[in-house]
Every structure is written in structure tokens, then in C-alpha cells.
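Go ahead and model the full structure; you've got the sequences and the hints to work with.
Protein chains: 8
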Amino acid sequence: MLFANGDKVLFTGDSVTDAGRGRPVGEGLHAGVGTGYVRIVETLLNVYYPERLIQVSNTGNSGDNVVSLKARWQNDVMNLHPDWVSVCIGVNDVWRQFDSPSIKSQHVYIDEYRKTLSELVERTLPSVKGMILLSPYYMESNREDAMRAKMDEYVAAVAEIASKYNTHYVDLQAAFDKYLTYRHSSFIAWDRVHPNQVGCMIIAREIMRSVGFDREFL
Amino acid sequence: MLFANGDKVLFTGDSVTDAGRGRPVGEGLHAGVGTGYVRIVETLLNVYYPERLIQVSNTGNSGDNVVSLKARWQNDVMNLHPDWVSVCIGVNDVWRQFDSPSIKSQHVYIDEYRKTLSELVERTLPSVKGMILLSPYYMESNREDAMRAKMDEYVAAVAEIASKYNTHYVDLQAAFDKYLTYRHSSFIAWDRVHPNQVGCMIIAREIMRSVGFDREFL
Amino acid sequence: MLFANGDKVLFTGDSVTDAGRGRPVGEGLHAGVGTGYVRIVETLLNVYYPERLIQVSNTGNSGDNVVSLKARWQNDVMNLHPDWVSVCIGVNDVWRQFDSPSIKSQHVYIDEYRKTLSELVERTLPSVKGMILLSPYYMESNREDAMRAKMDEYVAAVAEIASKYNTHYVDLQAAFDKYLTYRHSSFIAWDRVHPNQVGCMIIAREIMRSVGFDREFL
Amino acid sequence: MLFANGDKVLFTGDSVTDAGRGRPVGEGLHAGVGTGYVRIVETLLNVYYPERLIQVSNTGNSGDNVVSLKARWQNDVMNLHPDWVSVCIGVNDVWRQFDSPSIKSQHVYIDEYRKTLSELVERTLPSVKGMILLSPYYMESNREDAMRAKMDEYVAAVAEIASKYNTHYVDLQAAFDKYLTYRHSSFIAWDRVHPNQVGCMIIAREIMRSVGFDREFL
Amino acid sequence: MLFANGDKVLFTGDSVTDAGRGRPVGEGLHAGVGTGYVRIVETLLNVYYPERLIQVSNTGNSGDNVVSLKARWQNDVMNLHPDWVSVCIGVNDVWRQFDSPSIKSQHVYIDEYRKTLSELVERTLPSVKGMILLSPYYMESNREDAMRAKMDEYVAAVAEIASKYNTHYVDLQAAFDKYLTYRHSSFIAWDRVHPNQVGCMIIAREIMRSVGFDREFL
Amino acid sequence: MLFANGDKVLFTGDSVTDAGRGRPVGEGLHAGVGTGYVRIVETLLNVYYPERLIQVSNTGNSGDNVVSLKARWQNDVMNLHPDWVSVCIGVNDVWRQFDSPSIKSQHVYIDEYRKTLSELVERTLPSVKGMILLSPYYMESNREDAMRAKMDEYVAAVAEIASKYNTHYVDLQAAFDKYLTYRHSSFIAWDRVHPNQVGCMIIAREIMRSVGFDREFL
Amino acid sequence: MLFANGDKVLFTGDSVTDAGRGRPVGEGLHAGVGTGYVRIVETLLNVYYPERLIQVSNTGNSGDNVVSLKARWQNDVMNLHPDWVSVCIGVNDVWRQFDSPSIKSQHVYIDEYRKTLSELVERTLPSVKGMILLSPYYMESNREDAMRAKMDEYVAAVAEIASKYNTHYVDLQAAFDKYLTYRHSSFIAWDRVHPNQVGCMIIAREIMRSVGFDREFL
Amino acid sequence: MLFANGDKVLFTGDSVTDAGRGRPVGEGLHAGVGTGYVRIVETLLNVYYPERLIQVSNTGNSGDNVVSLKARWQNDVMNLHPDWVSVCIGVNDVWRQFDSPSIKSQHVYIDEYRKTLSELVERTLPSVKGMILLSPYYMESNREDAMRAKMDEYVAAVAEIASKYNTHYVDLQAAFDKYLTYRHSSFIAWDRVHPNQVGCMIIAREIMRSVGFDREFL
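Chains as they are written, first to last, in this note's numbering: chain A, 1 to 218; chain B, 1 to 218; chain C, 1 to 218; chain D, 1 to 218; chain E, 1 to 218; chain F, 1 to 218; chain G, 1 to 218; chain H, 1 to 218.
Keep in mind the hints are simulated off the structure, nothing from the lab. Remember, it's a predicted structure, so these values are computed and weren't measured experimentally. A couple of the hints might just be wrong.
[Unchecked claim] 25 Å max Cα-Cα, derived BS3-like pairs, lysine-lysine:
#1 A/129 to H/104
#2 G/150 to H/104
#3 C/70 to C/164
#4 B/150 to A/178
#5 A/115 to A/150
#6 G/178 to H/150
[What the hints assert, rightly or not] Residues from chain H that keep clear of chain G, each with C-beta distances beyond 12 Å, as calculated:
#7 5
#8 7
#9 23
#10 111
#11 165
#12 188
#13 218
All C-beta atoms in this analysis are idealised placements derived from N, C-alpha and C, irrespective of residue type, glycine included.
In C-alpha cells form, the structure reads like this:
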């Protein structure tokens with residue numbers, strides 16, 4: 001498993017990551033890492049690797065797109081000196097194009113998205129042990145849905161960037177697509193974006209797979 | 001226009017109708033008829049037919065399906081002695097089959113739906129001037145989506161019942177389908193069910209059409 | 001219809017415009033444009049012109065008179081670079097003379113009102129496609145009521161300014177006067193100023209007429 | 001002055017009397033008699049007649065008309081065994097005809113008003129030392145305003161009843177009419193009904209006059 | 001009566017004056033002048049002198065003693081340019097010596113009190129039409145009570161200052177002493193300091209007397 | 001010390017005893033015995049007699065006088081089967097005569113007080129190991145204050161009853177009188193009734209003395 | 001895995017099970033099954049067995065011991081007709097003996113515990129497919145701690161009952177003991193009773209093991 | 001007894017000292033010194049030494065360790081010019097090593113603890129009459145518990161420092177150890193750290209002993 005004793009692992013992104021985390025940095029007792037997938041990842045690390053002390057931090061911020069994430073990257077990522085950085089961004093970049101089509105200042109189109117995310121990766125890699133890029137997703141199984149189709153472009157961009165920079169990559173869209181063959185999207189998220197605990201567990205499982213979880217579950 | 005001076009018009013159904021209406025009966029000042037489509041209908045009647053006094057009441061109840069609606073029909077419809085009854089029910093009958101598949105007590109399948117709604121219509125018609133049946137809907141343009149496909153059966157059932165009993169009929173699914181050719185469903189409802197004001201205005205317009213609105217808009 | 005695809009339309013004024021809008025600028029999801037006439041205008045544009053993307057913003061501020069509006073004009077109007085500006089101001093300029101007669105610092109008399117509003121119009125016209133001036137009003141049908149009589153002077157001033165600068169003009173006082181021949185003022189506003197949804201729809205309809213609404217209502 | 005040492009004086013009516021009084025009976029410390037005219041009356045009695053102990057109670061109830069007042073008369077008046085009863089009712093009987101014209105169940109027309117109020121007076125007089133009838137009012141100086149004109153009928157009815165049964169009578173409409181020659185109605189009540197402290201003091205002064213206040217003010 | 005049409009009258013002091021007034025300056029609609037004696041004074045002026053417009057402002061501040069009052073005098077008195085200033089200070093200067101005897105930083109002894117209040121009067125008189133000094137008080141009829149005895153020194157100091165500078169003077173201690181011959185102190189204030197409405201009316205009456213109230217009460 | 005291992009000790013009375021205790025019976029974790037003198041007694045027992053388990057319960061009720069206490073005596077005392085009962089009642093019986101002189105229904109005069117308290121003692125003694133009567137008090141050192149003078153009668157009545165029935169007796173008035181020779185009454189209670197922690201500790205100490213506290217304090 | 005498609009699984013017990021579940025029965029959307037171990041179990045079933053529909057319900061109740069659980073067993077277990085019942089009770093039975101030693105009514109000693117739990121099992125087994133008994137626990141690794149030693153008796157009793165009636169058995173004490181060899185008890189629960197998410201995951205894992213979880217974790 | 005008339009005594013530390021004290025400095029009426037052991041100390045001084053005025057202040061701050069305490073020492077201790085300083089710090093320095101083992105930034109190890117506390121003592125002694133060092137503690141009677149064992153090192157460090165600098169010293173660990181021979185730790189604190197009133201009284205008693213309390217308890 002990637003994370004060694006003493007490592008500091010930082011998760012960042014939008015509301016899917018935020019999930020009510022503490023401010024200014026989501027970690028430790030009380031407010032902690034929020035109630036989303038980051039908490040499940042932290043819990044699994046503590047339950048299955050109790051002999052390793054791994055510091056999990058969360059600086060996800062509700063409403064963020066890749067541009068607003070970039071604006072706080074120095075403060076919320078670099079200055080915290082993590083060993084590992086996991087980032088999940090892009091949902092709002094696409095969503096606002098569909099739920100707020102007339103407010104163009106809130107849209108981030110594919111070129112700016114690709115360019116900005118690449119910059120963040122380039123800037124970060126030299127000072128960390130590794131990065132984990134989580135694809136954005138839309139829990140919509142109809143690939144012809146306009147927003148799903150658009151999201152697929154952003155998913156592809158993340159895959160490309162992960163490949164180009166040789167980071168870890170988690171294809172959340174594929175994971176949800178698979179689950180949606182069993183259950184309707186409304187079972188895991190009424191708005192097809194914000195996952196309930198089932199959705200969070202699916203995300204956490206994919207992250208665990210990506211980082212080489214190697215213990216017996218039972 | 002159907003509603004005459006002095007008529008009492010009752011709207012009932014689930015959360016789409018409820019929309020925060022006052023209790024026990026949604027009407028009058030303050031809490032009034034809620035903030036959904038019923039308020040827009042009431043507003044249009046007051047603005048365009050100021051010379052007629054039409055009493056608008058709302059007994060929609062969040063979470064209701066046709067079975068729970070039936071349980072309160074005597075109290076919330078018959079005892080209020082309306083001249084006209086508009087009912088919009090069925091969304092939850094279908095939704096729970098998809099977002100809560102294991103809790104079968106909350107599902108209402110098509111036969112029970114058809115039978116129960118028919119009973120309500122039969123029981124009510126003799127004491128009113130007329131009824132308006134609003135189809136349920138799912139703001140999902142992909143007709144192969146499992147929940148949309150299931151909803152179409154319920155929409156068809158309402159159309160049949162309206163035809164059989166010769167009531168007014170409003171096909172909300174068709175109205176939303178048409179609008180979705182212009183805008184993505186997330187523009188009018190993140191969960192594809194609860195309409196924002198744009199969605200409410202679409203519903204209200206269809207109701208106005210159905211009752212024979214005949215004034216100049218400007 | 002005046003507003004073209006891609007246009008940004010800004011509404012500003014006092015509490016009648018504000019109506020609980022989001023801060024710092026009222027637009028987009030959630031807090032949005034408030035619950036008053038601006039929302040109805042935005043809704044009608046979205047329902048009837050779905051093929052045009054028109055950005056609607058609201059910077060009305062409760063309690064403002066034309067002087068306090070001027071103080072924030074650069075920030076709340078010019079800096080937002082709207083294509084169209086609609087302004088409705090003057091109610092508080094007059095009202096405070098009657099409900100707070102001894103607090104003269106809150107009164108704006110007719111000359112200062114006319115001069116200040118003219119300045120705002122002059123300053124704005126060069127950088128927008130057009131302006132819409134909404135008259136203030138008092139939902140009082142008795143023209144000899146002291147406050148109504150005073151308000152009529154301010155209404156006349158707006159009409160003059162609109163004429164002089166060739167802007168669009170909406171005479172809300174006339175619209176309400178007409179409606180008050182059918183219903184008592186307490187039906188649309190207990191305090192004869194803050195409109196309920198019926199009053200908001202009347203305002204929205206007059207604005208729609210003014211901007212050349214040209215679709216079928218049904 | 002009418003009220004003797006040891007007398008119990010009960011005020012009842014609608015929201016103008018209620019003014020946030022304690023439940024079930026508004027008297028004593030803390031919640032007490034509310035913050036409206038009853039409190040001013042009680043205060044004046046305590047300041048100017050400190051040698052007399054006069055128990056002041058308030059059972060006004062927001063929203064009441066004469067019919068709903070009758071329904072609770074046994075509990076909220078007779079059972080409390082007052083020596084004096086002051087009643088101010090009628091505003092809502094009229095107001096609902098204008099702000100809610102289509103909801104006829106909330107209207108109380110003049111004949112029912114006169115008959116019901118007469119019944120309450122007849123039923124009460126035998127067991128009290130005296131009654132004080134306060135006229136309803138509308139702080140509208142234009143007597144041709146439809147609601148003011150209607151209110152005048154109710155005011156007249158109270159005057160008649162007071163005369164017929166020989167009770168004390170307070171013409172609040174006249175008192176406010178006089179004050180409105182100096183200040184605009186919005187100075188004492190934005191909705192022309194619910195008085196601010198200036199309005200409450202005017203009511204209290206008229207009551208003091210009616211009961212024979214006979215001390216030096218300074 | 002001292003206050004002429006157009007005059008601005010400012011009341012300042014401690015919690016007895018504050019009484020929940022609006023911030024930054026207590027005046028006008030809504031938050032207004034609080035719910036204490038200032039509101040009664042304002043109400044009486046409006047009821048009995050409706051032909052004069054007298055602006056009443058309140059900058060009392062809970063917890064203040066004469067030293068903390070001095071610290072904000074420029075901002076809360078001088079900068080507001082009042083025509084008349086009424087000040088009631090000294091209760092906390094004394095009270096803290098008894099309820100917090102070990103916290104000397106909160107005590108203001110008689111010499112500092114006299115000197116500081118004198119300074120405020122000297123500084124203010126040149127720019128106002130007149131000042132009204134209200135004595136502090138303790139609603140304790142036992143003159144041998146240690147706190148009452150101490151308070152009497154402060155009352156005397158205010159009387160001296162008023163005499164020396166020829167300001168208006170209101171002896172609240174005497175007014176309460178007289179009332180306490182009729183009722184127990186717990187009737188007007190459980191803590192013998194913060195007056196209920198009866199106590200506020202007594203204060204307001206003394207102020208009215210001091211400023212030459214000259215209208216008929218009824 | 002009176003209380004043996006396993007004993008159940010019940011404290012009851014008015015707000016001085018209540019002090020925010022849990023409902024329906026104040027004992028155990030969380031809400032527990034409130035924050036007044038009962039908590040200090042319980043704490044001292046637990047700190048100094050850790051080898052004895054003594055159950056402390058509190059059924060004091062804010063606002064009670066001896067008559068309302070009697071009405072709940074069966075439920076709040078007898079049914080709880082205490083070994084020891086401590087009661088402190090009488091403050092409100094007297095206070096209401098002074099702060100609410102016109103509301104006679106809230107007064108309990110000395111004869112009824114003496115008779116009712118005697119009944120409660122007679123009724124209880126046969127089923128308990130002993131009773132502790134705490135005198136009421138008024139933290140007023142001036143014995144000529146009308147309320148203090150009246151309270152002295154009630155204090156005397158409790159002493160008589162304790163003597164007649166041979167119960168334990170705690171003279172709280174004497175204890176406070178002694179303390180008031182050092183500090184002003186406002187130091188322990190602004191309203192001369194509700195003790196702060198210093199006052200509660202004084203009460204607790206007197207109770208400890210009465211029950212034979214026999215451990216080293218340090 | 002024990003639970004088949006269509007099975008209804010009920011979890012009951014005290015606050016450890018409750019964890020903020022919905023009322024009257026914790027299941028379905030929104031309030032759902034709370035935020036404790038039941039939610040993790042439900043989540044794992046939904047993630048790993050999406051092809052089976054298993055209804056999970058929670059009727060845990062904070063503060064319960066086996067006696068209060070018995071009092072509601074008919075309503076909260078039998079009447080819900082579950083296929084499987086999991087029960088975790090006993091923590092409060094023991095805890096109150098240590099944190100509230102003098103309040104014996106809240107203690108449940110070992111004999112009554114064993115007898116009552118046995119009764120519940122006997123009464124339930126005939127109408128279910130199976131039961132899962134979870135041992136109580138105290139996250140205290142020192143077996144000589146008085147409360148831990150006492151808890152061990154209760155743990156043993158549950159093991160015996162499970163063996164006697166041949167139910168499934170989960171030894172939570174053993175699971176926590178093992179974890180405490182890695183981390184201090186304060187890491188999973190400040191009070192050594194209420195588990196954080198790490199503790200809940202440990203409980204859920206043990207339940208999963210007990211019911212024969214047989215899928216790949218990754 | 002150490003504290004003389006007029007002395008100012010300051011208590012500082014972490015949440016055990018803080019206990020909800022007022023900000024910025026905990027003293028005086030209302031918010032005061034919190035509800036923990038400082039209040040009991042202040043109460044005992046006021047009850048038993050009423051002839052001395054001793055100012056008690058509290059600047060404890062929840063969550064502090066010795067490092068964060070040092071950061072505010074100038075502002076919260078030196079600038080207040082106390083005569084005596086009592087400090088209780090160290091619980092969080094140790095606790096975070098066990099409940100948050102992976103967040104090393106919140107740990108303070110023994111060398112830094114000893115060095116920092118020594119600095120604070122050295123810096124303070126020259127300007128005060130004396131200091132009282134309270135040991136940290138863990139209400140855990142098992143000395144082999146890892147956190148207890150670690151805490152013992154910190155307790156020893158405080159004892160050493162007190163000895164080296166000749167300050168007063170209070171061994172709270174010893175006091176609690178003694179009490180735990182009678183009652184289980186859960187009786188005084190569920191988390192073995194934050195004392196209930198019994199625990200606070202134990203702390204206060206030890207402080208009283210340390211400062212030479214010399215009055216009769218009864």
C-alpha cells in the first residue's frame with residue numbers, strides 16, 4: 001500500500017470532497033475530515049493499517065471548479081506540505097454549463113480545464129511522493145445525455161493528464177457506470193452528483209484499489 | 001375560462017403541489033398556497049380575472065403517493081366542498097421503487113395506482129363541477145431510463161382515467177419533454193422532480209391552457 | 001423582444017427589487033434573484049425564450065433611496081458591465097417624509113431626486129444597450145392622500161427623465177391604479193408598497209410589455 | 001375614575017389588544033399584558049393611582065373576529081369573573097373582505113357582526129360593573145376608501161350597541177381621524193391597522209378619558 | 001415646552017437609557033429608540049405636539065459608567081449635533097462597588113465621577129440649546145442601605161453640576177422615593193435599577209415636567 | 001452525619017431549589033439536580049463521603065408557593081419514597097404580595113402558609129427518616145423593609161413548625177443576615193432572592209451543618 | 001451470506017445502535033438508519049450485494065438497558081416482522097452501576113440481564129430466520145478495571161445465551177481488545193463506549209464476518 | 001491563607017480551567033470565571049474570607065497545550081498584572097499523542113513541555129507574589145495504561161519545576177488517584193479528563209489546602 005507510516009495524505013476538490021470538513025484544514029478530532037468519502041478512506045486506513053500513522057487532511061471546498069481551486073492551491077495544498085495529494089475536480093466546471101447556462105463566468109470549458117489541472121499537477125509533483133487524480137463524473141448512465149457527454153470529455157482529460165504525468169488515476173465515472181447497471185442513479189444521489197454513503201463507499205473503494213490496499217477485509 | 005366568480009378550486013397531490021403551503025388548509029394570507037405552481041395559478045387568476053373571486057386552496061402533502069392521498073381524501077378534499085379539484089399524484093409511487101428499492105411498503109405499483117386514482121375520481125366527480133388530472137412526470141429526456149420508462153406507464157394510466165371519466169387532463173410529462181429540447185433537466189430541477197420557478201411556470205401554463213385561459217397576456 | 005441571446009440584464013433599486021436576493025450580486029442558483037418581480041421576469045424569459053441565454057442580475061437593496069443608490073452605483077451597476085439596466089427607485093425617498101417626518105436626513109426631496117436620477121442615467125447610458133426606468137408608486141387610489149400626491153411628483157420626474165434621455169419607461173403607478181379599480185390595495189400589499197406575488201406579476205407584466213414580449217402566452 | 005381599589009379589568013379583542021400578551025391569560029409579571037395599548041393603560045393606572053390595586057388582564061387574540069371571539073367568550077371572559085370588560089373587535093371582520101375577498105368563510109358581514117356583538121354585551125352586562133366598547137377603526141383618512149367606508153358601518157354599529165345597552169363607548173376611529181390631520185397614517189401604522197406606540201398611546205388616552213381619569217398628569 | 005419644531009433631542013447614558021435601542025444610533029423606524037423611557041418621551045411628544053417635528057435619538061449603552069461614556073462622547077454625542085442633550089449616568093459607577101467589590105477597575109469613585117461629568121457638560125454646553133441632567137438612583141427606600149447612601153452622594157453631585165452650569169435637572173431618586181411610599185421597590189424593578197414600564201413612565205413624566213410640558217393630558 | 005449509605009434524599013421547593021434541574025425528577029447524569037444549592041450539597045456528600053452511596057433528588061419547581069407545592073406533593077414527594085425530605089418554600093408566597101399586589105390569586109397569606117406547610121409535614125413524617133425545613137428568606141438587611149418584615153413572619157412560622165414537629169431546621173435568613181454584614185446584598189443576588197454560587201454555598205453549608213457533617217474539610 | 005434477496009434485517013439496542021436514526025423506525029431516505037455501525041452494514045450490503053434487495057431497519061434507542069428494551073420489544077421488534085434480528089444491549093446495564101452508583105433504579109444486575117435477554121431471544125426465534133447477538137463491551141484494555149471486569153460477566157452471558165439458543169454471536173469486546181493493542185482507547189472513543197467511525201467500522205466488519213460476507217473487497 | 005485583601009489571583013490553563021469563562025478575561029458578573037474549579041475556588045474565598053476582597057480572574061483556553069499557552073502568555077497573564085498565578089497545563093500535550101497519533105503538530109513531547117513550562121515560570125516569578133503549579137492528570141487508576149504512564153512523566157516534570165523554582169505545587173493526579181479508590185473514573189468524568197462538579201470540588205479543595213485555607217468549614 002502506497003502510504004507509509006508517517007505519511008501525510010491530502011484530499012482536495014469540490015463539495016464531493018468537502019462534505020462538511022472542518023476549517024481551515026479538515027483533520028483531527030471533532031470537525032475532522034467531513035462525512036464523505038475522505039472519512040471512509042481515513043477509517044479504512046485506521047482499521048486495516050493500525051500500525052501505520054497516516055495523517056489524512058481534507059481541503060475540498062463546496063462549489064469549486066478547477067479555476068477557483070487553482071486560486072487557493074498554494075494555501076490549501078502546497079503550504080500544507082503533504083506527501084500525497086488526491087484531487088477530484090471538474091463536476092462544477094461542467095454542471096454550471098447546464099444548470100446556469102446564461103452565467104458564463106461560472107463555466108470552465110474543456111481547454112481551460114485541461115490546462116489548469118495540468119498546471120496544478122506540474123507544480124505539485126516535484127514536492128510530493130505522488131498524486132492521485134480522481135475523474136469527475138455524472139451518475140447518469142445515458143451517455144447521450146448532454147451533460148454526461150460533456151463530462152466524458154473532462155473525464156478523458158483527467159485520464160490523459162494522469163497518463164502524461166504518470167500519476168495514479170481513479171476512474172470514478174467507470175465505477176459509477178458499473179454500479180448503475182444494478183441500481184438506478186436516484187439510489188445513490190438524487191442530483192446525480194452528491195453521493196450518499198453508498199456512493200462514498202464506492203469512491204473510497206476505488207481509491208483503496210488505486211493505492212494498493214493489501215489487507216484481508218475480514 | 002372554466003372557473004366562474006365564486007368558485008372554489010382545490011389543488012392536491014404530493015410535494016410538487018405542497019411547496020410549503022399552510023396547514024391545515026393552504027389558502028389565504030401568510031402561509032397561503034405555498035410557493036409552487038399553485039401560487040402561480042392563483043396569481044394569474046387574480047391578475048387576469050380580477051373581476052372574478054376564485055378561492056384557491058392547496059392540500060398537497062409532501063411525500064404522498066396515491067395510497068396515502070386516498071387515506072386523507074375525505075378530510076382534505078371532500079370535506080372542503082370544492083367546485084373544482086386538480087390532482088397531481090404518482091411521482092413518489094414510482095420514485096421509491098428506484099431510490100428505496102428494498103423498502104417495498106413505500107412502493108405503489110401500476111395496478112394499485114390505476115385502481116386507486118380511478119376510485120378517487122369516481123368518488124369525487126358527482127359533487128364537483130369538474131376535475132383536472134395532472135400527469136406525474138420525470139424530467140428525464142431519456143425514455144430508456146428505467147425510472148422514466150416506468151413513469152410513462154403511470155402517465156398513460158392518468159391519460160386513460162381522464163379519458164374514461166371525461167375529466168380535464170394535463171400532460172406535464174409532454175410539457176417538460178418539450179422544454180428539455182432547449183435546456184438540460186438540471187436547469188429546472190437538480191433531482192428531475194422538484195421544479196424551480198421555471199418548472200412551476202411551465203406547470204401553471206399548462207393548467208391555464210387546460211382551463212381555457214382567454215385573456216390577453218399583455 | 002429587446003434582450004438578445006447573451007445579453008446581461010441588471011435590475012436595481014430598493015426593497016421592492018431586492019426581495020431577498022443573494023449577495024453580493026443576486027443571480028444564479030440558490031440565493032438567486034430573490035422572490036420578487038425580478039424572479040418573475042427571469043422566469044418568463046426562460047420559459048418563453050429558452051433558445052436565448054439571458055443573464056439576469058439583481059442588485060436592489062432594501063431601504064435605498066436614490067442617494068444611497070448613487071453611492072453604490074459604480075460597484076453595483078457599472079462594474080458589472082450589464083447590457084441593460086432597469087432601475088426602480090423613489091419609494092423610500094418619499095415614504096420617509098411621511099413615516100419619519102422628523103428624521104430629515106432620510107428624506108430625499110424632489111429636486112435632489114430628479115437631479116440624482118438624471119446623473120445616474122447620463123452616466124450609464126453610454127455603456128449599455130438601453131435603460132428601463134420604472135416609476136415609483138404608492139398603491140393608494142386616493143390621489144389626494146398626501147403621500148400619494150407627493151409620489152405623483154416623483155413619478156412625473158421619472159417620466160420626464162425617461163423622455164429626456166429616451167429610455168424605456170414603465171409607469172407602475174398607472175398599472176397599479178388600474179388594478180385598484182378591481183381590488184382594494186390591501187389585497188396586493190398591506191403597507192401599500194411591498195407587493196405580494198400578484199403585485200409582482202403586475203410589475204413583471206409591465207416590464208415584459210415594455211421590452212417587447214412577443215411570444216404566445218399559451 | 002371608574003375602577004375602584006380591588007377591581008379586575010379585562011381587555012379582550014384581536015391582535016390590536018393581544019400585542020404579544022402571555023397565555024393563557026395575559027397578566028402579571030413577565031409575559032404580562034403584552035406590549036400594546038393595554039400595557040399603557042395598566043401603566044397609567046399604576047403610576048397615577050398607586051393607592052388603588054387594579055388587576056388588569058388581557059385575553060385579546062390575534063386574528064379574531066367577533067365570531068371567533070364569541071366562541072371563546074365563556075372561557076376567556078366570563079370564567080375570569082372581571083368587574084369591567086373592555087372589548088375592541090371588528091377590524092378583521094372587515095379587513096378580510098378586502099385582503100381576502102375570495103375566502104368568504106373569513107368575512108363577518110354587518111348584520112352578523114351587530115347581532116353577535118350585541119349578544120356578547122347582553123350576556124356579560126349582568127355579571128359586571130360595566131363594559132367599555134371600543135370601536136374598530138381603519139387609519140385611513142379618505143372616507144371614500146372602500147374599506148374605510150365599510151369600517152364606518154361597523155363603527156356605527158358599535159356606537160348603537162353602546163347606546164342601546166348604555167355601556168361606555170370609545171370612538172377610536174374619531175380619535176385617529178383627528179390625529180391624521182397632523183400626521184400621515186404611515187406614521188402610526190404601515191398597514192393602517194396595527195398601531196405603533198404612538199397609536200397605542202392614543203388608544204390608551206381615549207380609554208382613560210372614557211373611564212374618568214382625574215389626576216394631574218404632571 | 002422647550003423643544004421646538006425641528007429640534008434634535010439626544011438621550012444618552014447606560015442600560016436604563018439604552019433599553020435595546022438600534023445601532024449605531026437609536027432612532028427612526030424598526031429598532032428605534034429602544035423600549036425604555038426614551039420611547040415614552042418620544043411617544044408623548046408625538047401624541048401631544050403633533051404639529052412639531054422633534055427628532056429623538058438614543059445613544060445609551062448598557063453597562064456604561066461616566067468614564068466609558070466619556071470615551072464615546074465625541075462619537076455618540078458631539079458628532080450627532082443635537083440641539084438638546086439629556087444624560088443619565090452613574091448607576092454602574094456605584095453598583096459595581098457593591099456587586100463586584102474586588103474588581104476595582106470597574107468602580108468610578110465620587111471625585112472622578114464629578115470631575116468627568118462636569119467635563120462632559122462643559123464640553124457640550126457651547127454647542128447645544130440646553131442639557132438635561134438626570135440623577136442616577138437606586139430604588140431603595142432605606143437611606144441607610146450602603147449602596148443607597150453611596151448613590152445619594154452621586155445624586156448630590158449631579159444636582160451640584162446642574163446648578164453650577166445652569167442646566168435642567170431631574171431628580172429621579174426623589175421621584176422614585178415618592179412612588180416607593182405607595183408600592184414596594186420589587187413592583188417596579190426586581191433589581192432596584194432596571195425599571196419596568198411603570199418605572200419608565202415615572203422617569204418620562206419627570207422629564208416632561210422638566211421640559212415644560214404644557215398640553216392637556218386628556 | 002444523618003444520611004446513611006443507601007439513603008435517598010429529596011430536596012423540593014421553588015426556583016431557588018429548582019435551579020434548572022432535570023424533569024420529571026432531577027437526579028442522575030446530564031440534566032441532574034440543577035446548578036443551585038442542591039448540586040453543592042450532592043457534591044459535598046460525594047467528595048466527603050465517597051464510601052456512602054446517597055441518592056440525591058430534586059423536585060423544586062420555579063414559581064411555586066406552598067399551595068402549588070401541595071398540589072404536586074403526592075407525585076413529587078410521596079411517590080418517590082425518599083428517606084429524607086428537605087423543603088424550602090415561602091419566597092413566592094410573600095414576593096407576589098409586593099411585586100404583583102393586584103393579583104391576589106398569587107398571594108399566600110401567613111395563615112394559609114402555616115396551615116399548608118404543617119399539613120405537608122404531618123403527612124410526610126410517618127414515612128420518612130426525617131425532614132429538613134429551610135426557612136424562606138429575603139436578602140435584605142433592613143428589617144423595616146415591608147417585604148423583609150413580612151418574610152420574617154414566614155420565617156418564624158417555619159421555625160415554629162420545625163419545633164412543633166421536631167424536624168431539622170435551617171434558618172437561611174439568619175445565615176444571609178450574617179453574611180450581609182460583610183457584603184452588600186447585590187453581591188449575592190441582584191433581586192435579593194435568587195442566589196449566585198456564593199449564596200448557594202452559604203445555603204449548602206447551613207444544610208451540611210444541620211445534617212451533622214463530620215469530616216475534615218481539607 | 002445469510003441475508004437473501006427480499007430479507008428484512010432489524011438492528012436494535014442502545015445509543016451505540018441508535019446513532020441518530022429516524023423515528024419511529026430508522027430506515028429509508030433522509031433520517032434513515034442513523035450514522036453509526038448500522039449505516040456501515042447497510043452500505044456494505046448495498047455496495048457488495050447490489051443484486052439483492054435487503055431492507056435494513058434500526059430501532060436502537062439511546063439510554064436503553066435490557067429492561068427498557070424489553071418494554072418496547074413488541075412494538076419495536078415483533079410488530080415489524082423482520083427476517084433477522086441483531087441486538088446489542090448491556091452497556092448501560094453496567095455503566096450506570098459505575099457512573100451513577102447511588103441510583104439503583106438504573107442498574108440492571110447480571111441475573112436480571114441474563115434472564116431478560118434470554119426471554120427476548122426465546123420469544124423472537126420462532127418468528128425469524130435467525131438472530132445475531134452482539135456482546136456489549138467497554139473499550140478498556142485493563143481487565144482489572146472494575147467496570148471492565150463487570151462488563152466481562154455480561155459479555156460472557158451473551159456468549160452463553162447465543163450458544164444455548166444457537167444464534168449468531170459477535171464478540172465485540174474481543175474485537176476491540178485486539179484493536180487496542182495498536183491504538184489507545186481514546187483514539188476510538190473518548191468515553192470508551194460511543195465509537196467514532198473507526199469503532200463503527202470495526203463493529204460492522206465483525207457483523208459482516210458473522211453473516212458470511214463472501215465478496216471481494218476490491 | 002496566602003491571598004491578602006486586594007490581591008489579584010489569576011488562573012490559566014486549558015479547558016479544565018476555561019470551563020466556559022467570559023472573554024477576553026473571565027471575571028466579574030455574568031460570564032464570569034466559568035463553571036469549573038475556578039468558580040468553586042472563588043466561591044470559597046468569598047464565603048470564608050468575606051472581609052478580604054480578592055480578585056479572581058480566569059484565562060484558561062480550551063484546547064491549549066503548553067506551547068499555545070506560551071504564545072498568549074504576555075497578553076493573558078503578564079499584561080493583567082496578577083499577584084498570584086495558578087497554571088494547570090499538560091493534559092492536551094499528552095492526550096493528542098493518543099487520540100490523534102498521526103497529527104504530530106498537535107503533540108508536545110516531554111522535553112519541550114518541561115522547557116516551555118520552565119520558561120513561563122521563570123518569566124513570571126519576578127513580577128508576582130507567587131505561583132501555584134497544578135499537575136496535569138488522567139483519571140485512570142491503571143498506571144500501566146499508556147496514556148496514564150505518559151501523563152506521569154508530565155506530572156513529574158511539573159513537580160520538578162515547582163521544586164526547582166520553589167513555587168506552590170498541587171498534585172492533582174494524586175488527589176484523583178485517591179478518590180478513584182472509592183469511585184470509578186466514569187463517576188467524575190466520562191472521558192477521564194473533564195471533571196464534573198465532584199471533580200472540580202476535588203481540585204478546588206487541593207488548591208485551598210495549598211494556599212493555606214484556615215477557616216472553619218462549618
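Now the hints, each set against the structure:
| no. | hint | in the structure |
| --- | --- | --- |
| 1 | A/129 to H/104 | holds, 19 Å |
| 2 | G/150 to H/104 | violated, 36 Å |
| 3 | C/70 to C/164 | holds, 20 Å |
| 4 | B/150 to A/178 | holds, 21 Å |
| 5 | A/115 to A/150 | holds, 17 Å |
| 6 | G/178 to H/150 | holds, 21 Å |
| 7 | 5 | holds, 41 Å |
| 8 | 7 | holds, 37 Å |
| 9 | 23 | holds, 25 Å |
| 10 | 111 | holds, 21 Å |
| 11 | 165 | holds, 32 Å |
| 12 | 188 | violated, 9 Å |
| 13 | 218 | holds, 23 Å |
Consistency with the previously given hints fails for numbers 2, 12, ordered from lowest to highest.
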